[in-house]
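Asker: Residues per chain are reported as follows:
Protein chains: 2
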Amino acid sequence: MTEIDGLRRTLRVALLGAGSVGSQVARLLLEHQSDLAERSGARLELAGILVRDIDAPRDAELPRELLTTDAEALIQSADIVIELMGGIEPARGYVLQALRSGADVVTGNKALLATHGAEIFEAADQVGASVSYEAAVAAAIPIIRPLRDSLAGDRIKRIFGIVNGSTNYILDSMDRQGLSAQEAQRIATELGYLEADPSLDLEGYDAAQKAAILASLAFHTQVSLDDVHRQGIESVTADMIADARRAGYVIKLLAVCERLSEDGGDAVSVRVYPALIDREHPMASVHGGNNAVFVEAEAAGPLMFYGAGAGGVQTASAVLGDVVSAARRHIAGGVGVGESARQSLPMAPFGHITTRYQITIEVADVTGVLATVAGILSDHGVSIATALQTIERGEESSTARIVIGTHRATEQALSDTVARLADSDAVTRVLSVLRVEGE
Amino acid sequence: MTEIDGLRRTLRVALLGAGSVGSQVARLLLEHQSDLAERSGARLELAGILVRDIDAPRDAELPRELLTTDAEALIQSADIVIELMGGIEPARGYVLQALRSGADVVTGNKALLATHGAEIFEAADQVGASVSYEAAVAAAIPIIRPLRDSLAGDRIKRIFGIVNGSTNYILDSMDRQGLSAQEAQRIATELGYLEADPSLDLEGYDAAQKAAILASLAFHTQVSLDDVHRQGIESVTADMIADARRAGYVIKLLAVCERLSEDGGDAVSVRVYPALIDREHPMASVHGGNNAVFVEAEAAGPLMFYGAGAGGVQTASAVLGDVVSAARRHIAGGVGVGESARQSLPMAPFGHITTRYQITIEVADVTGVLATVAGILSDHGVSIATALQTIERGEESSTARIVIGTHRATEQALSDTVARLADSDAVTRVLSVLRVEGE
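Sequence lines, in order, name chains A and B.
Note that the working numbering has the first sequence beginning at 1, numbered continuously upward.
Note that the working numbering has the second sequence beginning at 1001, numbered continuously upward.
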């Protein structure tokens, strides 16, 4: 499989998938061959590119002789297998086959890792092969390696980040250009930020997959997609964004991974939801399709990683970084310690997290309403940080809006409070409920 | 030197230096022993701590039996040597001794790497040992590893960053609290941001050392402190900061590492100077003692890394990350490809860089002055982007101030222009000259 070529070994690289990322990876592997050889210590030979249909039209020019539909043969002959097909099957089968044959695997497949990560890392451990996946989260932004290596001597308390560029593009253009959700989505689709089926992005599945991957790594605990509390941006309206702006906030779809102290030890909470961020927070100035990840570690303090959250060539940069590392390891002959789920912390019930709520309700403009509302919060042990009442005079009756910012309380207390408010005769409607993060 | 302890090997770790970082490293090594063992695959035994005087008073409680003044014996017995003494000698001698005895070295010593990096990396290569130095630049912020590993398949075009927390603290408090340079320095000293001899920070030496380290790594070219064009913040006044603010800028001490296309191939420019940054740029919101590094890579696009720029425990986090990696490598039995200076790009003359200048001059308020000034710029092929003239009426005569923002031009043309302006009869004084970066 490997041969000595003068002083240098050759490693055979199989590429599975030739989409927007795959074709860029192929191009860079071919164009930067000598640079990559110097950096990895081996000649990296692109052995073949697995495609579904050799004759299908492609954006990028790929050497036709490298295209193949024979997955088995390609994988069997490779030292390093790059999986960029996406989806669960056949990607899962190919990755397992590659690992069983002793190849190192580089993948950008977040869906696969968020659902079958445990199986894949175990297969890698059994044969002493490596699985790298920098490209699976936040495209070119180095976040996996810093979590795994740079902070390996530290203890991570919390990660929160903007990890989905499409929804950030939508929320950002609603905030900065005053667009409606529909308009913003239409433009995002035109610009290629949203897929034909946008639900993966809009409903927060994509962000939840990435959150599961980050949490697994940060807390040495296998977190899968099902463990993630997920809420998308479908319910975020232009009004909510305008209200947030007036209150000094911006709405971002956040992925939050947190270590909680529970009775009986630490537990993990992983969640995705639209949240309010103070406009002064560095996260508030993450515009367009960019991503940013905050990491709070015990010793290192807060760190932020920022950059493009998508894009073929950007993601290809992350893939190639992993390929070079895999090649170095392949030559050094050892992979060190594999992916660890040794802490196996339990998942904290969602009700146990503590946040601040910003609750906007419509009430009848009658005497004593604010007192009633304040009483409901107090009944649940939730104290009020700010309350703002505005009144709209109508012909016959008036309605008032109250925006309540709570102090920090458990999700349980806060959601019970909102349920009681919704049931109360004093409250006409609950207009919006958002959590405040990043404080 | 190593022994099997059940299933696990033990690696002996020697710590040289017990200052603010060293004592935190010792504490974390002892407190997090089982975590570190899980993550590195080996028990990390703190074999000893080299100090100058065993009986000297210390901030942190360190086990007295670990303290030693016998450097030779301690280093000789170690698998991993952590050097946190600072300064050139005896640190250099100890590091070389450690490498010759086959130990992996982890160091936070930027002065040593910026002046003797080539010698140290060569010594490491000869024996197949590793030298890690995440802690040498920007404390806990993972920047060395992303440059070396994550971006190993990419090509870096430019790095620019705030890499000195002390000067950032001073400039930030001048900007945000309107302090004078003296006041800001006094407070920075009180808060421990500045050393008793503050010249290393204020004159840009510290930033220049870090710039040399980053450029060496990014461009695979040995860049030493002497190659860095260096200007500190001594000349930055409250007036300059107020002027910058009015023009929508903030002044930051920047380290810039750039790949330039010269006739005959690429060259490298590395420089440290106070520069104007647009207030909308993410770098502008790096406050207090924080650091931030922007990396522009060909494929990955712009990336930013942000966090605390100093602090004992923060820096200790970076050291421990390196220790865990060194331990993993030690066990895997290979270090892969060493530090590379294979590109050996030439250093570009400072005059070859292109930037924009913001020139503030005082002129006599007489007819035709602006035309004279504009003529001088035009003579040097420098075109004007913005010009703002303000007039101060005095009792007898009036003076005018002109602020000129140039378009991008070579440093040579720009500095020649300023020299001609200074010589011109039309110009009373050149008040300030600042470059604009981050565009």
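Source of the hints: derived by calculation from the structure; they are not laboratory data.
Worth double-checking, as some hints may not be accurate.
What the hints assert, rightly or not - Stretches of chain B that chain A covers, calculated by requiring three or more beta carbons in the stretch to come under 8 Å of a beta carbon on chain A:
1) 1203-1210
2) 1410-1418
What the hints assert, rightly or not - Chain B stretches covered by chain A per the calculated footprint, using a threshold of three residues with CB under 8 Å from any CB of chain A:
3) 1020-1033
4) 1057-1067
What the hints assert, rightly or not - Pair ranges (Cβ atoms, derived):
5) E31(A) / R1246(B): 41 to 49 Å
6) G192(A) / S1378(B): 38 to 46 Å
7) G288(A) / S1077(B): 53 to 61 Å
8) G264(A) / D1226(B): 52 to 60 Å
9) S1344(B) / P90(A): 54 to 62 Å
10) R1279(B) / S344(A): 44 to 52 Å
11) P90(A) / D1278(B): 29 to 37 Å
12) D1263(B) / D226(A): 40 to 48 Å
13) S1378(B) / A56(A): 54 to 62 Å
All C-beta atoms in this analysis are idealised placements derived from N, C-alpha and C, irrespective of residue type, glycine included.
Asker: Confirm or reject each hint.
Answerer: Hints versus structure:
{"no.": "1", "hint": "1203-1210", "in the structure": "violated (count 0)"}
{"no.": "2", "hint": "1410-1418", "in the structure": "violated (count 0)"}
{"no.": "3", "hint": "1020-1033", "in the structure": "holds (count 3)"}
{"no.": "4", "hint": "1057-1067", "in the structure": "violated (count 0)"}
{"no.": "5", "hint": "E31(A) / R1246(B): 41 to 49 Å", "in the structure": "holds, 47 Å"}
{"no.": "6", "hint": "G192(A) / S1378(B): 38 to 46 Å", "in the structure": "holds, 44 Å"}
{"no.": "7", "hint": "G288(A) / S1077(B): 53 to 61 Å", "in the structure": "holds, 55 Å"}
{"no.": "8", "hint": "G264(A) / D1226(B): 52 to 60 Å", "in the structure": "holds, 59 Å"}
{"no.": "9", "hint": "S1344(B) / P90(A): 54 to 62 Å", "in the structure": "violated, 46 Å"}
{"no.": "10", "hint": "R1279(B) / S344(A): 44 to 52 Å", "in the structure": "holds, 47 Å"}
{"no.": "11", "hint": "P90(A) / D1278(B): 29 to 37 Å", "in the structure": "violated, 48 Å"}
{"no.": "12", "hint": "D1263(B) / D226(A): 40 to 48 Å", "in the structure": "violated, 60 Å"}
{"no.": "13", "hint": "S1378(B) / A56(A): 54 to 62 Å", "in the structure": "holds, 57 Å"}
Hints 1, 2, 4, 9, 11, 12 from the list above are not met by this structure, while the remaining hints are.
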